[in-house]
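Number of protein chains: 2
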Amino acid sequence: RSWVEYDAQCDFPLQNLPFGVFSCSQRGPRCATAIGHYALDLALLAEHGFLQGLGFDERRVFRQPALNAFMSLPRPAWRATRARLTELLSEGDERLRRSDLRETVLRPLQEVKMHLPAKIGDYTDFYSSREHATNVGIMFRGKDNALQPNWLHLPVGYHGRASSVVVSGTPLARPRGQLQKSKEDPWQGSVYGPCKLLDFELEIGCFVGGELPPLGRPLSIAEAAEHVFGYVLMNDWSARDIQAWEYVPLGPFGAKNFGTTISPWVVTPDALEPFVCATSAGTQSEPQPLPYLQEENYSSYDIKLAVDLHTPSKAGSEKVITTITESNFRHMYWTPRQQLVHHSVTGCNMAPGDLLGSGTISGTEQRSYGSMLELSWRGANEIPLADGQVRKFLQDGDVCNVRGFCQGEGFRVGFGDCSGEVLPAGTLD
Amino acid sequence: RSWVEYDAQCDFPLQNLPFGVFSCSQRGPRCATAIGHYALDLALLAEHGFLQGLGFDERRVFRQPALNAFMSLPRPAWRATRARLTELLSEGDERLRRSDLRETVLRPLQEVKMHLPAKIGDYTDFYSSREHATNVGIMFRGKDNALQPNWLHLPVGYHGRASSVVVSGTPLARPRGQLQKSKEDPWQGSVYGPCKLLDFELEIGCFVGGELPPLGRPLSIAEAAEHVFGYVLMNDWSARDIQAWEYVPLGPFGAKNFGTTISPWVVTPDALEPFVCATSAGTQSEPQPLPYLQEENYSSYDIKLAVDLHTPSKAGSEKVITTITESNFRHMYWTPRQQLVHHSVTGCNMAPGDLLGSGTISGTEQRSYGSMLELSWRGANEIPLADGQVRKFLQDGDVCNVRGFCQGEGFRVGFGDCSGEVLPAGTLD
Ligand SMILES: [Ca+2]
Ligand SMILES: [Ca+2]
Ligand SMILES: [Mg+2]
Ligand SMILES: [Mg+2]
Ligand code: NI
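First to last, the protein sequences are chains W and P.
Numbers in the working numbering are just positions in the first sequence, counted from 1, shifted up by 3.
Numbers in the working numbering are just positions in the second sequence, counted from 1, shifted up by 3.
The set of hints was computed from the structure by calculation and includes no laboratory data.
Some hints could be false.
One copy or any two copies: either way a pair holds, since identical chains are not told apart in the list.
Claimed, not checked - Calculated cross-link-like contacts (lysine to aspartate or glutamate; reagent style DMTMM-like; alpha-carbon spacing at most 25 Å):
no. : residue 1 : residue 2
1   : 184       : 214
2   : 146       : 188
3   : 122       : 50
4   : 317       : 276
5   : 122       : 96
6   : 395       : 90
Computed from a predicted structure; not experimentally measured.
Kindly produce the complete structure, drawing on both the sequences and the hints.
Dropping the structure here:
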């Protein structure tokens, strides 16, 4: 228990201690942790000596406007920091509680502005939920060829656009681009216009960290866990009509690069450790992966995930909230460690601050599908909203909020919000 | 003419003045131009007042270890810099020629180390030579469906890996990864091993610059030319067997991200202006592109391109040089301006230092194909080397060097080398 007060539904109890970057009216962007309803300023804490003896230059590392310097340290440095913060915030520890600094370093979350947690060097998106890949496969290729032949052998992924990863709260304009003119005949070409099939993808992002091998030296699966700094919620916004026309043969491009939203607080593997669980696959035995991908502790985390749509009500300007899907991080076939190892297998150099998207996380039940493409089954079904309206895809003014937490006994390890509003096309011109 | 002496075959005459980053035994990485066989230190030149009055903080900008700060300035600043350098280096101008500084700022190219010209935020590779796309299409889908339906409507591209873009001279280890077990039946899965079908791709890279619009605001075609900072040679190394297995349905990944080599000197559109020419398509009329892609001055540059293989001789350790292909930048259907505009059409934010690869540049003749995949027609034919040996794909110890220049009257605007050696798999472990 902490001397900072919060209730059992709070995302940021003492057991969590995620890392992030905030600024406030008095101070520019700096590293922080979250405790209860406060951001705790690690730069100021370091400056006043509370973080001495952790084995690195804590004053330099935490006054950065991004976590990259901290992420570059080896895992023991992250753990030592977590241990120190746990001490300082625990009931009975009076050092910070009785300090003059207390009011200055603990800033109410509603008064701070959150930033991207890291400068993302490269962003990669995977496709690692078997249920999602199967759903998409059935829709586009039929039941018999739902999974491609390579899917069970490697975590399929593609390079994404790092510059357009934005932090929760950033509104995005509906993208415009090329749409196939005739639904039946692609040879008729395309027209230009706003996306009509705008979608979200419910994902978890994984931030890479530690001292990584240079170009040409792959990571081993035994090393992988040391290089997972932590996790965020992610919405990989997708323009389905633009995607369908452009993606052959080199993959999604403009349909994805208009924006990817992540939650600002990076939750560490240490905080998630009590929630390790079997994946819904249980084991990877049919087929066994190649040895470089075989994970001794093949597992996931029991992270309860949901997507809320906040939709404009018919009458006024208030929004109506509907939870349109509930999924779980268990529904991952390939783990973030396997994704990381596979990413480097041909020699690709990974860097602290790289972001790996899990891929859309869908469960087996229709209620647990991680995209509107699946929820509406390609537009065949209407998704009911709380006020009686319906959706097949996102409309202007809709806010999409991804939520996630692990349920402990009497506490939650939560991720906070991962939210973004859809603005009408052209709003930002 | 310049007071610096060089011959007519020199890549870096007064008409070129490319930008790059070098270091030497005395000084760390800093911005430079090339003249004759020298790198001219722009940081020192700025420090000593030779670059005053250009309208920006030249001391800060040129002492950076990357061109990004310079690339971030608007095009008039690049042009003013070029004009000043042209003055200072022209015959008759005695300011630098008679200065004590002359020996210090002009460093022989063979004594300096060249670095990546920019910190590359995002790297994107296109697929914009019609001949290359047609060749690949014929090989994998047959003559009748060679070009996909979208190809003539948009510059197809995919996000690449920025971290593994390396400068000319960097050796690369042969990548290892998953190879399809049975050639005929993908359902038999994969084996792990070194790539057997290692290839180059002859490309031109385009560096983005200027003050770019924020996320959500696409670039117009009228603005595009202002945002091309300059061009480099590029080798998009490709592992064809790894690619064939992994790329469905999200595009190439590990088959590309083990390394991409670029030449160190960025040649500006101003230097290339005298070499503007029609593309081999001439016009884009069947079909006309959508208005957002229609370019008033649809054109390319007459850049003569070649790839030399330096292969180990049978006997000793010397290498035998064979020019295995000669192509031209004219063989581009989509221009870098169109690629840039299309990249941002859905709202993707571009940044100074972003790198756009042209795609493999193949001509119509077999001698002009830009990859070994095409030259050997998927391994069906042997490519003869100068010493009587043959190749279908790259072997360990081969050096692949991409060269390029524009031929003026009595001078060349050249790009220098874009070279890399293939090391045996595992060498860098
Ligand atoms: Ca995705
Ligand atoms: Ca390429
Ligand atoms: Mg995205
Ligand atoms: Mg490459
Ligand atoms: Ni609470």
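Taking the hints in turn, this is what the structure says about them:
{"no.": "1", "hint": "184 / 214", "result": "neither (49 Å within a copy, 34 Å between copies)"}
{"no.": "2", "hint": "146 / 188", "result": "both (23 Å within a copy, 19 Å between copies)"}
{"no.": "3", "hint": "122 / 50", "result": "within (23 Å within a copy, 31 Å between copies)"}
{"no.": "4", "hint": "317 / 276", "result": "neither (44 Å within a copy, 57 Å between copies)"}
{"no.": "5", "hint": "122 / 96", "result": "neither (34 Å within a copy, 45 Å between copies)"}
{"no.": "6", "hint": "395 / 90", "result": "neither (49 Å within a copy, 63 Å between copies)"}
The earlier numbered hints that this structure contradicts are 1, 4, 5 and 6.
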